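Taken in order, these protein sequences are the chains called A and B. My numbering numbers the first residue of the first sequence as 1 and each following residue consecutively. My numbering numbers the first residue of the second sequence as 1 and each following residue consecutively.
These are calculated hints, taken from the structure and not from any lab test. Please note that a few of the clues may not be correct.
These stretches of chain B come out as covered by chain A in the derived footprint (C-beta under 8 Å, 3 or more residues) [as the list claims (entries may be wrong)]:
| id | region |
| --- | --- |
| 1 | 112 to 125 |
| 2 | 399 to 411 |
| 3 | 527 to 541 |
| 4 | 577 to 585 |
| 5 | 634 to 640 |
All of these numbers come straight from a predicted model, not from anything done at the bench. Heads up, the beta-carbon is just placed ideally off N, CA and C, and yes, glycines get one too.
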Amino acid sequence: MAEVAEIALAAPRELPVGPIGRHGIGYWGVGTLVASEGVLFGYLLFAYYYTGAAAQHGWVLEQHPALKLALPDTILLLLSSVVAWIGERGILDRNTARALLGFGGAFVMGAVFVAIQFDEWAGKPFGLGTSSYSSLYFVTTGFHMAHVIIGLGVLAALFLWTALDYFSPRRQLAISAGVIYWHFVDVVWLFVFFTYYITPYLGFGT
Amino acid sequence: MKALAYRTPTVGPDSVPHREGLLSLWETAPGLKGFFATVDHKEIGLRYIVTAFIFLLLGGLEALVMRLQLAGPNRALLTPDQYNQLFSTHGMTMIFLYASPILSGFSNYLWPLLLGSRDMALPRVNALSYWIYLAAGIFMYVGFLGGNGPNDGWFNYVPYALKDYNPGMNQDFYALGMILLGISTTVGAANFIVTALRTKAPGMSINRMPLMIWGTLTANVANLLVIPAVSLDFFLLWMDRQFGTHFFDPGNAGQPLLWQHLFWIFGHPWVYAIVLPAMGMVSDGLPVFCRRPVVGYSLLALSTVATMILGFGVWVHHMFATGLPGMGLAFFSGASLVIVIPSAVAVFCWLATLLLGRPVVTTAFLYFSSMIILFVIGGVSGFMTASVPLDWQLTDTYFVVAHLHYVLIGINVFPVLGAVYFWFPKMTGRLLDERLGRWNFWLTFIGFNLAFLPMHLTGLWGMPRRVYTYADGMGWDTLNMITTVGSFVLALGILLFLVNVVKSLKAGALAGANPWDAPTLEWAVPSPPPPYNFSVIPTVASRHPLWEARLGEEGVHSSIDRGMLLDDGKEMIATTPLDGVPDMIMEMPEDSLAPLCLAVGTTVIFVGLLIKMWDISAVGGVITIAAIVAWLWPRRELREREPEPQRPAGEKGAVHG
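Chain B with its partners taken away, still in its complex shape:
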C-alpha cells in the first residue's frame, strides 16, 4: 500500500456505518493489555480524577486528625514529630497530589470534547504523564506510611531540611518524589500547550475557545516554565544531603535563601496554575445556569493571562520576613497589589453574568457561584498580606492558613465539586442526585466557612501556624474548637458527595447528550462519549455552537452533523494556532505500552537513587532508554518515515514498523 502524502478530507454526513468504522479504529482493546496500554484521553482523564480524589480524601483525613489534636489546648493525640509529618504531608498531598492533578484530569477528559477533536495532540505523552503521577504519589506515600513523610512543611525550608538537622530519609523521599512528579507535570503541560494550539476544530479561532481552555492553557504555559525551578531546587537539596555539596549551606558560602527563591519562583505561579483552570470551569459553567453567554469573554480571557504574567513577578511576597532589601520588598509588594486588578475584572464579569441572566439554581450552580464569594474573601486576605508591614505581623500565623485555604478550597475544591455535578452526566451518562446535592453543598459551604472564617481571627490573635499544640489561656481555645467542628461538618459534606457519586453511578437519572442545555461542543456528543468523540469533525462559527439558533446571530452556523469524516485510519485534524484553519491530517498512535514502561523505568531509577543502590538505577535506566527508543522509533503508520526504502536495491527495512 502506498500511503498518500496529501489528501483532501472527505466532507459528509454522520451515519451509522461510519460510526461503526470509527469505533473499530478508536476502541481500546479489552482486558489487561488495553488497561495498561490505553491512550484514550477520557480513560486517562477519569483515572486522574479518581486518583486525585483519593489523595483529596487522604489529605482530608490527615487534616481531621490534626484538628482533633488542635481542638483544645495541651492535647496529646500526636507527638510533635508526628504532627510535623502530618501537616507537611497534608500540604504535599493537597497541593501537589490533589489540586493540580484534579484539574489535569478534568482537562484531559474535557479538552478534546471542548475543542471538537478526537484526542489530545500527544496521547502517549498523556498516558506517561498519568503513570508518572501515580508512581510519584505512591513513592511519597510509601515514605509517609513508613514514618518518612516530609516534615518541614510543604515548602520545606533549609536549613531544617538539610541532613544535619534532618538525618532521616524523610527529605530524600520528598525531594526525589517531587522531582519525579515534576516530570509528570512538565510533560502534561507540554501536551496541553500543543493540544490547545494545534487541535482545535476548524473555525475555532482563539477568541472562540471555551474559557476553561484559556485557564488551563495559561496555567500550563506557567507550569512548563516554573516546574524546572522546583525540580532543580529539590535536586540541589538532595545533592546537599547526599553528596556533600554546599548550595544551601551558609558555612561554605552557600545560600539558604536560594532555596526560598527557587521554591517560590515556582511556588507562586503554581498557586495560579491550580486556580486559573478552576476559574475557567466557573466561567464556562456559570453562564449555562444563568441561561446566557458569559459577560466579558475577552476580559476574562485577558485577565487570566494578565494574572499569570503578573504572577511570575510576585514570588518574593512569600519572603517578606527574610530580611531582603527594602527596595525589593517595595517592588514585589506593588506587583502583588496590582494582581487585584485582573482578579477584580473576573469577579465583576461573573457578577454581571449572574445579574443579567436568569439563574437556574442547581448544585453545580451553587458551587460555581459560591466560589465567587470565597474568591473575594481569599483575595482580600491575600491583598492584605501583600502589604509588607501587615505581612510582617501576620506571616507564620493562622491568618495565612485561613487565607490559603480560602484560596485553595474556595477556588479549587468548590469549582471542582461544581464541575463534577456539571460534567458527571457527560462522563457517566447519569445525573447526580440534586436533593443529596443540596445537602452536600450546604454542609461543605457551612462547614468550610465555620472552619476557616474564625481562623483569620486565630491568626490575628497571634497563634502561630505549624505548632502541634498550644497553652490554654491564650484566647485561642474557642476559636480552635469552632474550627475543628467546622472541619468535621465539611468532611460530612464530602462524605455525602461520595455517597451521591456511588448512588448515582448505579441509579442516577439518565442524562442524555445535553442535560443542562449547554452551548459548548462536549454536549453535542452522547453521554458517555464514544471512543472517537465526534463521528464527524465539527466546524465552529461562534463561541456557543449549540446556542446559535436562539441567540439569533446573523449568518452564524456551526456544523455538528456534517463535517470531515476522517475515517481512513485513526485520524484527527490539525489546525493553525490562531485562526483554526485546517492544515494537516494527523495520524494518531495506537494504544502503546511504551508510556507505562517508561514510567516504570523512571520510577526504578528514583528508587535506586533513594536507597543509593546505583545498580538498581542502572536497571531503571536501561528500561527507560529501551522504552524511549521503542516509542520514538519512526513508524510507517504514523507517516514518520517513508513506506518503502528510498534507495532502489538491496536495502532492508527495520524489524520494527
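Pulled out of the complex, with its shape left as it was, chain A reads as follows:
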C-alpha cells in the first residue's frame, strides 16, 4: 500500500469544499455535545437509583405512577422524532413543503409534550421539597424539559431557515445536526420515563 503522504502530494483527490450532507466538522461537534449531555442524564439517573437503593421502603412517593397521560405523551415525543426525520428527508429530496411540514409538525408535537408535562407536574401530590424522591423527580424531568425547550428552539430555527430556502441536499449540515439533537432529546426521555414511571411497577424503591 502506498503511503498516504505520497498520494496526497502526487495524486490529490477531488475533495468536498465545506460540509456536504452530514459530512462536516459541525456534525462531529454536535456528536460531542450529545455524548456529554447523554452522560449528564446518566448521572441524574445514577442519583435516582443510588438514592433509591439506599433508602427505606416507601421511598417512591407514587407506588403506581399514572400512565394515562404519560404513556401517550411518551409515544407522541417518539413519533415527533419520526416527523422531524421526514422533514430531513424532505430537504434531501428537495421537497421544501415536506421539510417545513416535518419541522413544523415536530415542533407542535414537542410543544404539546411540554404542555402535558406541565400538567403532569401540576397534578403531582408532592412538591419539589417534599423528599429526596420528589426533588429528584422534578429536577430530572425539569432537566429533560429544558432540553425539549432548547430542541423546540432548534426546530424553529430549522423551520425558519428552510422557509428562507437556505438548504439543498448538498448543503444541509444544520438540518442533520439539529435533527440528531432532537432524536437525542427524545431517546433520552425513554430512559427518564422508564426510570420514573416503569421501575416502581417493577418494585424499585417502593
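Dock chain B against chain A, hints included.
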C-alpha cells in the same frame, strides 16, 4: 460567484507571494475589535497560559500565607475561618483554575502546530472556552475577595456545605462558579477531540501523532464524560441550598454520600486529566534532549489510554473511610493498585530513553527528567493509600497532602515549567536564559522536596490536614518549620522563573525555527509562527518528520516545503480519523464577537442566579440566545448553505450572510 462544491487542492511549493496571500487571509485585525474577536489558536493559547500562571501565583501566595500560619504551633496569623477559606481557595485555584487550563493553553497553542494544521477544528468554540474560563475564574475570585470563598475544602463535602451549616454566600459562589467553569472545560474538550480526530496533516495516522496529542486527547475524552458529574453535583448542592430540595439531606431521605460519589466520579478521572497531557509533554520533550526517538512509543500511547480507562473505575478510593461495604472497597482497592502497571510502563519507557540516548542537559531537560523521580515518589505514596487498611490510617492526614502535591506539582508543574523552557522560543522567538534557568530549576526542585518530602512524616506522625493550627509538643514543630522554609525556597525558584521570562522576552537570544533540533512539525515553522502556521500543508510519513534523513529510515519522506496550498480562502484540510487521508477542505470562520457575547451572556445568567435576581438572568439569557443564533446562522462563506436560493423566483436571502 458560484462556489464550487468539489475541488482538487493545488499542490505546490512554498513561495513569498503565497505567504503574503495567506497572511491577508489569516491575520487578526489590529485594535480592540481584533483583540475581542480573535479566534487564532495561538493567541487563545497564550491567553490561557498567562491567565493560568496568574492563578498559579495567586494559589502560591495563598499557600505561603498558610505556611506562615503553620510554621510553628499556636500561631494566630489567621483565624480558623480565614484559614478554611484560604486552603479551600488554594485547592480550587490550583486544581481548577491552574492545573487544567495551563494544559489547555499549551495544547491550544501547540496542537495545530504539532498536527501540521492551521487552527483548531472549532476556532470559535476555542475562543468561547477561554472567555468562559476567564469569567468563571473572576466570578469565584470576586467571592473570595469579598470574604465568600469556598470554605469546605476543594471537594466540599456535604453536609458542611449545606445551608444549615454554611449560611453565607461562600458555597453559592463556589457552586455556580464551578458550573460555569464546567461549560468552558466541556466545550474545550469537545474541540480537542474533534481536532485530534479530524485535522491531522495528511499521512499523520494515529500511530504517528505526537504523544502529547495522545495525552491531551485521552484527558479530554475523560473531561467530556465526567465534567457533567461535577456540574450536576454542584447544581444539586445549589438547589438544596436555595430551593429546599433534599438531595443530600439525610433528614428527608437524601444521601450525603451521593455528593461524594458524583464528586469523585468526576474527581478521579480529573486527576488523570491534569497529569496525562503533562506526561505527554515529557514523552515528546525528553527524547529531543536525549537525541533519539522515545523508546516504546506504542507502549506510552497505550499506557496513557489504559491509565484513563482504569481511572474511571477507582473513584471510591477517595471514600474508603465512609463505611461502604467491604466488597466494594476490595474492588476499588484492586482497581487502584492495577493502575501502577501502565504508570510503571511509562516510567520504564522514559528511563530507557534516558539510558539509550545521549542526554544534553538543559533546563527543560532537568524539568522533564526530574518529573520521573517525582512521579515515582507520588505514585508510590498513591499506591500505598490504594490499600484500604493503610488508607484508613492515613486518610485526612498530611500524608495525603504530601502525596497529592507530589502528583500535582511533580507531574503537572514540573513538566509545565519544562514545557515553557522548551516551547518559549517557539512562542516568542527568543530563548530563555539557561544560567538563570539552572538557578530556577534547582531552587524549585530543592524547595519542593524540602517542603513536601518531610510532610509524609508529618502525616505518618498523625497531623490531620485542614486544621488551622496545632498544639506544641506533638512532635510536628520541626517538620512544619522545614516545610515552611521549603515552600519559600520553592517560591523563590518560581520568582526567578518570572524574572527569566521578563528578561528573556526583551533580551533573550534569538531562537530561529528549531533551536533544539527537534523532530516534530512545530519546529518546521518560524518562531513565532505566522498566523496561518504552515504556508503549505505538510504531509507526514513518520513520527519525526524533521529527523527522517538522519534516522535513515528507508523510503520515508515527509514533505514540509511542498504540499497543498489551500489559499482560495481561509482554508484547512480535514483528514480521516485513523489514517489521515485527506477527505475535505474546511472553510474556517473569520474572527467573531459571538463567542465573547455568548460568554458574557452566560456569565450574566450566573450572576443573576447568584444574587437571585431573575430579571438579570433573563437579560443574560436573551444575550446568550442572540449570540447563539448569530453564531449558528448558516453562512455562505462557510458553505453551510447554498450560495443562491434553490427555488427560482421571488425568494429573498436573509439579511445575514
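Outcome of the hint check:
| no. | hint | verdict |
| --- | --- | --- |
| 1 | 112 to 125 | holds (count 3) |
| 2 | 399 to 411 | violated (count 0) |
| 3 | 527 to 541 | holds (count 3) |
| 4 | 577 to 585 | holds (count 7) |
| 5 | 634 to 640 | holds (count 4) |
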